[in-house]
Amino acid sequence: MFHVRHATLLLNNRLTRAYASAPELRWPGWAVVIGIETHVQIKSRHKLFSNGTHPSAQLDDSTSVLAPFDLALPGALPVLNRVCVQLGIRAAIALRANCQRWSSFDRKHYFYPDLPAGFQITQHYRKSLIQHPFAKGGSLAIWPDKVIRIEQIQLEQDTAKTTHLPRETLVDYGRAGVGLLEIVSRPDMRSPEEATAYVKTLQHVLRSIGVSDGNMEDGSLRCDVNVSVNRPGEQFGTRCEIKNLNSLKNMTLALSTASDSSQIDCEIKRHVDLLERGESVVQETRGFNEDTVETFTLRRKEDAPDYRYMPDPNIPPLIITESDVRAVREAMPQVPEEIRERLVEQGLPDRDINVLLSIDSGATVGFDGHVSDGAVTYFTEVSKGRSPRVVLNWIVHELLGQLVFHKLSFAENPLSATQLGELIDLVTAETITTRAGKDVLRQIIRSRTELRVKDIVREMGLLLDTSSLEEYCAAAIAALPSEADAVRGGNPKPLNKLIGYVMRQSKGAMRPDKTSECLQKLLSSG
Amino acid sequence: MRSLLRENVRLLEKAKTARFFGTLTSSRHGSVNNSEINAFVSVNDNLANSARGRRVAIKDNICTKDFLTTCSSSILRTFDPGYDATLASLLKSRGWNIIGKTNCDEFGMGSLNVYSSHGPVINPWNPSERRSAGGSSGGSAAAVAAGLCEAAIGTDTGGSTRLPAAYCGIIGFKPSHGLISRWGVVSYADSLDCVGIFGKDAEIVSEVFEVLNVHDPQDPTSANSQVRERMQSQFVASKVSNMSEKSFWSTVRVGIPLEYFPHELDPSLLKSYKNVLRLLLQRGAQLVPISLPNTKYALSAYYALSSAEASSNMARYNGKLHGKLYPLLRYQIRILRVAVGEPASESSTRHRTPIDQYAANRTAGFGPEVQRRVLLGTYTLTADAFDNYFLQAMRVRSLVQQDFSSVFKMADLRESSEDNIGDSGVDFILHLSAIRSAPQLSETGQPGSEIDSYVQDVMTVPASLAGLPAASIPSGLADDDWPVGVSIVGQWGSDHLLLKACKELTALLSVASNK
Numbered sequence: 001m002f003h004v005r006h007a008t009l010l011l012n013n014r015l016t017r018a019y020a021s022a023p024e025l026r027w028p029g030w031a032v033v034i035g036i037e038t039h040v041q042i043k044s045r046h047k048l049f050s051n052g053t054h055p056s057a058q059l060d061d062s063t064s065v066l067a068p069f070d071l072a073l074p075g076a077l078p079v080l081n082r083v084c085v086q087l088g089i090r091a092a093i094a095l096r097a098n099c100q101r102w103s104s105f106d107r108k109h110y111f112y113p114d115l116p117a118g119f120q121i122t123q124h125y126r127k128s129l130i131q132h133p134f135a136k137g138g139s140l141a142i143w144p145d146k147v148i149r150i151e152q153i154q155l156e157q158d159t160a161k162t163t164h165l166p167r168e169t170l171v172d173y174g175r176a177g178v179g180l181l182e183i184v185s186r187p188d189m190r191s192p193e194e195a196t197a198y199v200k201t202l203q204h205v206l207r208s209i210g211v212s213d214g215n216m217e218d219g220s221l222r223c224d225v226n227v228s229v230n231r232p233g234e235q236f237g238t239r240c241e242i243k244n245l246n247s248l249k250n251m252t253l254a255l256s257t258a259s260d261s262s263q264i265d266c267e268i269k270r271h272v273d274l275l276e277r278g279e280s281v282v283q284e285t286r287g288f289n290e291d292t293v294e295t296f297t298l299r300r301k302e303d304a305p306d307y308r309y310m311p312d313p314n315i316p317p318l319i320i321t322e323s324d325v326r327a328v329r330e331a332m333p334q335v336p337e338e339i340r341e342r343l344v345e346q347g348l349p350d351r352d353i354n355v356l357l358s359i360d361s362g363a364t365v366g367f368d369g370h371v372s373d374g375a376v377t378y379f380t381e382v383s384k385g386r387s388p389r390v391v392l393n394w395i396v397h398e399l400l401g402q403l404v405f406h407k408l409s410f411a412e413n414p415l416s417a418t419q420l421g422e423l424i425d426l427v428t429a430e431t432i433t434t435r436a437g438k439d440v441l442r443q444i445i446r447s448r449t450e451l452r453v454k455d456i457v458r459e460m461g462l463l464l465d466t467s468s469l470e471e472y473c474a475a476a477i478a479a480l481p482s483e484a485d486a487v488r489g490g491n492p493k494p495l496n497k498l499i500g501y502v503m504r505q506s507k508g509a510m511r512p513d514k515t516s517e518c519l520q521k522l523l524s525s526g
Numbered sequence: 001m002r003s004l005l006r007e008n009v010r011l012l013e014k015a016k017t018a019r020f021f022g023t024l025t026s027s028r029h030g031s032v033n034n035s036e037i038n039a040f041v042s043v044n045d046n047l048a049n050s051a052r053g054r055r056v057a058i059k060d061n062i063c064t065k066d067f068l069t070t071c072s073s074s075i076l077r078t079f080d081p082g083y084d085a086t087l088a089s090l091l092k093s094r095g096w097n098i099i100g101k102t103n104c105d106e107f108g109m110g111s112l113n114v115y116s117s118h119g120p121v122i123n124p125w126n127p128s129e130r131r132s133a134g135g136s137s138g139g140s141a142a143a144v145a146a147g148l149c150e151a152a153i154g155t156d157t158g159g160s161t162r163l164p165a166a167y168c169g170i171i172g173f174k175p176s177h178g179l180i181s182r183w184g185v186v187s188y189a190d191s192l193d194c195v196g197i198f199g200k201d202a203e204i205v206s207e208v209f210e211v212l213n214v215h216d217p218q219d220p221t222s223a224n225s226q227v228r229e230r231m232q233s234q235f236v237a238s239k240v241s242n243m244s245e246k247s248f249w250s251t252v253r254v255g256i257p258l259e260y261f262p263h264e265l266d267p268s269l270l271k272s273y274k275n276v277l278r279l280l281l282q283r284g285a286q287l288v289p290i291s292l293p294n295t296k297y298a299l300s301a302y303y304a305l306s307s308a309e310a311s312s313n314m315a316r317y318n319g320k321l322h323g324k325l326y327p328l329l330r331y332q333i334r335i336l337r338v339a340v341g342e343p344a345s346e347s348s349t350r351h352r353t354p355i356d357q358y359a360a361n362r363t364a365g366f367g368p369e370v371q372r373r374v375l376l377g378t379y380t381l382t383a384d385a386f387d388n389y390f391l392q393a394m395r396v397r398s399l400v401q402q403d404f405s406s407v408f409k410m411a412d413l414r415e416s417s418e419d420n421i422g423d424s425g426v427d428f429i430l431h432l433s434a435i436r437s438a439p440q441l442s443e444t445g446q447p448g449s450e451i452d453s454y455v456q457d458v459m460t461v462p463a464s465l466a467g468l469p470a471a472s473i474p475s476g477l478a479d480d481d482w483p484v485g486v487s488i489v490g491q492w493g494s495d496h497l498l499l500k501a502c503k504e505l506t507a508l509l510s511v512a513s514n515k
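Chain order of the listed sequences is A and B.
To convert, note that position 145 of the first sequence is 145 in full-length UniProt numbering; the numbers rise steadily by one, no gaps.
To convert, note that position 67 of the second sequence is 67 in full-length UniProt numbering; the numbers rise steadily by one, no gaps.
Misleading hints may appear alongside valid ones.
Calculated Cβ distances over 12 Å to all of chain A for the following chain B residues [said to hold, decoys possible]:
id	residue
1	ASP84
2	ASP190
3	ASP216
4	GLU229
5	SER233
6	GLN234
7	GLU259
8	LEU265
9	PRO289
10	TYR297
11	ALA315
12	LYS320
13	PRO368
14	VAL455
Here are the simulated BS3-like pairs of lysine-lysine, each with C-alpha atoms no more than 25 Å apart in a straight line [as the list claims (entries may be wrong)]:
id	chain 1	residue 1	chain 2	residue 2
15	B	LYS320	A	LYS108
16	A	LYS161	B	LYS65
17	A	LYS161	B	LYS324
18	A	LYS108	B	LYS324
19	B	LYS239	B	LYS274
It is worth saying that the hints were derived from the structure and are not from the lab.
Even glycine gets a Cβ: it sits at the ideal position worked out from N, Cα and C.
Whenever a hint applies, use it, and build me the whole structure from the sequences.
What follows is the structure, given as C-alpha cells:
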C-alpha cells in the first residue's frame with residue numbers, strides 16, 4: 001500500500017519534501033494558503049476552433065499557422081477540434097476529475113491587441129445559465145500524504161503572444177487560438193514547496209499522457225497563484241493573485257524568501273509584514289518582476305474588469321458521454337501512478353523505477369496525443385518474455401550510463417528494443433559473457449549500427465566457443481609456463497594470471513568460470 | 001505581356017468599383033437604372049451584361065473573392081476577404097453569375113436601408129417617390145425588383161429579407177436557421193442570422209434554395225445530414241410536392257395568429273390580407289384562429305439579444321488591427337508590430353494607448369445605428385444587467401419557440417422526439433409582413449424615427465427568435481398603390497412545404513389579380 005501511495009512522489013520532490021515537513025521558521029506563527037490556476041497549452045497539431053496549426057508544429061509550405069477564424073476575420077466561424085477535447089478528457093481522467101455530460105462555451109470580452117476578436121472563447125462557470133466547465137472535481141497526489149484537490153478543468157482559447165518593446169509591442173498571432181486547459185486547484189497548498197511540487201507533478205502527469213509539453217519556459221504551462229496568510233486555526237486571510245508566473249524558480253521566489261540571505265520582499269513576507277504591522281492585505285491582482293524579484297500591484301478588486309460573459313452563439317454544447325470517456329481511457333497512455341503500480345507489482349526495486357519514470361518526465365510530447373515511445377514503453381517491450389528485473393537492470397545501469405556518456409537523450413537512443421532483447425538473450429543463454437554483452441552495447445551506441453546483435457557479436461569475435469576456449473587455454477599455458485607449473489604444483493594463485501591472459505586474448509569473449517575450469521582440466525591432465 | 005497584365009488589373013479594379021448603369025427590363029413605372037436606386041455598391045460589368053448564365057447579386061455583408069465586402073460600413077471600406085462564402089462558391093458552381101454586391105444597412109443593422117456608408121437604397125417601385133426599399137437587405141430586394149438580376153442573396157436576422165421583399169413587391173424567403181451555411185457571412189447576431197433569398201418568382205427562390213441547402217462542415221450551426229434527410233423524407237411522405245393546386249389547398253390548415261394585428265398596423269393593409277384569406281377559403285384551405293401569447297414580448301427580447309451579440313461581434317473592428325490581420329494570413333507572417341503610443345507625459349494631451357485608438361477609430365468608423373446597438377448590447381451584457389436583460393430575453397425566446405411549437409402540425413425536426421401534435425395543428429401561419437407599405441425616406445430622419453424603425457420588425461422577429469422558415473409574398477397593393485406583402489411561417493424544417501405554399505399562393509394571387 002505504501003508503494004501505491006508512494007507512486008506520485010517523484011524523485012525531484014524528495015528534497016523539498018524534507019524541507020516542508022520541517023517546522024516553519026520562515027514566518028513563525030503564520031499559516032500560508034495557496035491555490036493555483038494553471039493554463040496548459042494542449043499539444044494538438046491544430047487550434048481549438050480551426051485547422052490553423054500549433055506554432056511549434058512542423059509545417060509544409062501548403063499549411064499556414066494562421067486560420068481566418070483565429071484572426072477573427074469577418075465571416076469565419078469556429079469548428080471545435082475534437083482532438084483537443086479528447087486530450088482534455090485524458091487530463092480529466094489522469095486528475096480523477098468527472099467529465100460533465102453537458103458543457104458549453106462562452107465569450108469573455110476585453111479589448112487588447114492580443115485578442116483579435118475582442119473576446120476569448122472559454123468555459124466560464126455561471127450559475128444562472130447552468131453552464132459548466134467540461135470537467136469538475138478531481139485530485140492530484142503530490143506526496144504520499146498530501147493530495148491537492150482540483151476544482152475544475154475547462155477548455156479555452158489561448159491569446160496572441162505579446163512582447164513589449166520600448167515604443168512598440170510585438171504581437172505573435174501564431175499563438176492565438178491554441179487550445180488551453182485551465183486547471184483550477186482548491187486552496188489546498190500550505191507552503192511554496194507544496195506549490196512547486198504540485199506544478200511539477202502536474203507537469204509530469206500531463207507530459208506522460210501526451211496532453212502538453214508543460215514547459216513554463218516556453219509558456220506552454222503558465223500559473224496564476226493565489227496566496228493568503230492567516231493565524232493557525234483562524235479563517236483564511238485576504239488573498240492576492242500573482243499573475244503569470246512563468247518558471248518554477250520565479251514561483252518559489254515569489255512565494256518565499258530566496259535561499260540566500262538577500263532581503264527579498266516576496267508575497268508571503270509582504271502579507272506577514274503587513275499583518276504584523278497591523279495593516280490589512282488588500283485583495284488585488286499582482287504581477288511579478290523578475291529583475292527586482294518583487295510582486296507589484298496590477299489591479300485592485302474594485303478595478304476588476306467586467307468581461308461581459310455571453311454564451312457563444314455558434315458553438316454547440318459539448319456533449320461527453322460515458323462511452324467517449326471510456327474510448328479515451330482505453331487509448332491513452334498509462335498515467336505515471338498506474339505505471340509505477342504495475343512496476344512495483346513486478347517486484348522491481350524502487351530506486352530503479354524512479355530512474356525509469358524520471359526519464360519519461362523529460363520526454364518530448366508528440367502532437368495529438370501521440371506519446372513518443374519513452375523509457376517505460378521501451379522497458380515494457382524489451383521485458384516481454386524476459387525477466388523484468390534483468391531488463392530494468394540493463395537499462396538503468398548500462399544503457400543510461402552510455403547515453404549520458406555520449407550526451408544522448410533517451411529519444412535519441414540508438415539501441416533498439418529488439419537489439420537489447422537479443423543482447424540480453426545471448427547473455428542469459430551464456431552464448432556471450434556479461435562483459436562481452438556490455439561491450440556490444442557500447443559498440444552499438446558508438447557506431448549506431450542497426451545490425452542484428454548476433455552479427456555484431458560474430459564480427460567482434462565474442463561468441464563463446466568451447467573449442468576455441470581450449471585453444472586459448474593451451475596458448476596461455478604455453479605463454480606462461482612458470483605460472484602453469486606453479487598451479488600444477490598446487491598453488492592456485494597464478495591461475496588468475498592464466499585466466500587474465502585468456503580474457504585479454506579473447507577480448508572477454510570467454511567466461512572466467514569456464515576458463516578456470518578448462519585451465520584446471522588441461523593442467524591436471526597434462 | 002506587361003500591358004496585358006496592366007489591362008487585366010485595370011479591369012479587375014473596375015470590376016470592384018464600377019457603378020452599374022444597366023437598364024431595367026421590367027418596372028411598373030418605366031425603366032430606371034442602378035444610379036437611381038443605389039442597389040449595387042460594386043458590379044462586375046462583364047458578368048452583368050453576359051448573355052450566358054443567370055444573374056445573382058449578393059449582399060455586401062457576405063464575403064466574396066472578386067469584390068470588396070464593406071458591410072456598408074466605413075470601418076470595412078477596404079476589406080477584401082480574399083475568399084468566397086460557401087453560398088457564393090455553391091452558386092458559382094451551378095452556373096450563376098455573381099454580378100455584384102448590394103447595398104444594405106451597416107452590418108445588417110437596420111430596417112429601412114438608410115444606415116449605409118453608401119447612402120440609402122431607393123425603392124424601385126417608383127423611384128420618384130423616394131421611398132425606402134426596406135432593410136437591411138434593401139439593395140438585394142431592389143436589384144431583383146428592378147429586374148437587374150433574377151435572384152439575390154440577402155441576410156435575415158430579424159426580418160431583413162422579408163421586410164424589404166414586402167416593400168419592394170417581390171418574394172423574400174428566410175429558410176430555417178442552420179440550413180444555409182453562414183461561412184463567409186459577416187456575423188451580426190449569429191444565433192439569429194440567416195441567409196435570405198430573393199427571386200423574381202417562387203420557382204427561382206426554390207431553385208436557389210436547393211443549391212444552397214447543403215451541410216457545410218465549416219459552419220458549426222449547419223444542420224447535419226441526418227436532419228436534412230429527415231426533412232426530405234417527411235416532405236416526400238406528405239406527397240405534397242406533386243399535388244394539384246386544388247388538392248394542395250384542401251389539405252392545408254392555415255393559422256391566423258391573433259397577436260399579429262398591433263395597433264401600429266396601417267388598416268389599409270388589412271384589405272389585402274383579407275383578400276388572401278378569402279381566396280384561401282375559396283380553394284378549400286382551413287383557416288384556424290390561433291394564439292401566440294408571447295409575441296408581445298418578442299420585439300424587446302429580439303433587440304436585447306441581437307444587440308448583445310452585435311456588441312460581441314463588432315468587438316473585432318477596431319479600425320487599427322483589423323486591416324493588418326488579413327495580410328498576415330495571406331503572406332504567412334505571424335508577428336505584427338503594434339505601436340503602444342506616446343507617453344502620457346508628453347506635452348500633447350493625447351494619451352494614445354491601443355485602447356484609446358480603438359475608441360477613436362470605432363467612433364469614427366461605425367455609423368449611428370451600429371453604435372447604438374453596440375452600446376445597448378454592451379450594457380445588456382454587463383454583470384449588473386445580464387440577468388434582467390440578457391437572461392430574461394433568453395427566457396422569452398424559449399417561450400416564443402414553445403408558442404410556435406404548440407400550434408404546428410409538424411414536430412420540430414431539430415428535436416429528436418417525433419411527437420406531432422397531430423391534425424389539430426396548422427401547417428403554417430399567415431400574417432402581414434409589415435405594419436405599413438414602404439415609408440418615405442424623408443420620414444426616416446424624423447426625431448424618434450429610430451424607435452419607429454424598430455417597430456417595422458414587430459411582425460418578423462418572432463419567427464427569427466424561433467429560427468423558423470418564413471417567406472414574404474406580394475399580396476397586392478395598399479391604398480397608396482404601394483406593394484403589400486403577406487408572410488407565411490412554418491415549423492423548423494418545413495422549408496419544402498413552405499416553398500410549395502409560396503408557389504401556390506403566388507399563382508393564386510396572380511390569377512386573382514388578372515381577373
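Hint check results:
1. ASP84: Violated: least Cβ distance 10 Å, not greater than 12 Å.
2. ASP190: It is violated; ASP190 (chain B) is separated from chain A by about 4 Å at its closest Cβ, not greater than 12 Å.
3. ASP216: Check fails; 9 Å does not lie beyond 12 Å.
4. GLU229: 19 Å, holds
5. SER233: 24 Å, holds
6. GLN234: 23 Å, holds
7. GLU259: Its Cβ never comes within 12 Å of chain A, the nearest being 26 Å, so this holds.
8. LEU265: 31 Å, holds
9. PRO289: 34 Å, holds
10. TYR297: 19 Å, holds
11. ALA315: 2 Å, violated
12. LYS320: 8 Å, violated
13. PRO368: Non-interface label stands for PRO368 (chain B): nearest chain A Cβ at 20 Å, farther than 12 Å.
14. VAL455: 25 Å, holds
15. B:LYS320 to A:LYS108: 21 Å, holds
16. A:LYS161 to B:LYS65: 30 Å, violated
17. A:LYS161 to B:LYS324: 16 Å, holds
18. A:LYS108 to B:LYS324: Status holds; Cα separation ~23 Å.
19. B:LYS239 to B:LYS274: 29 Å, violated
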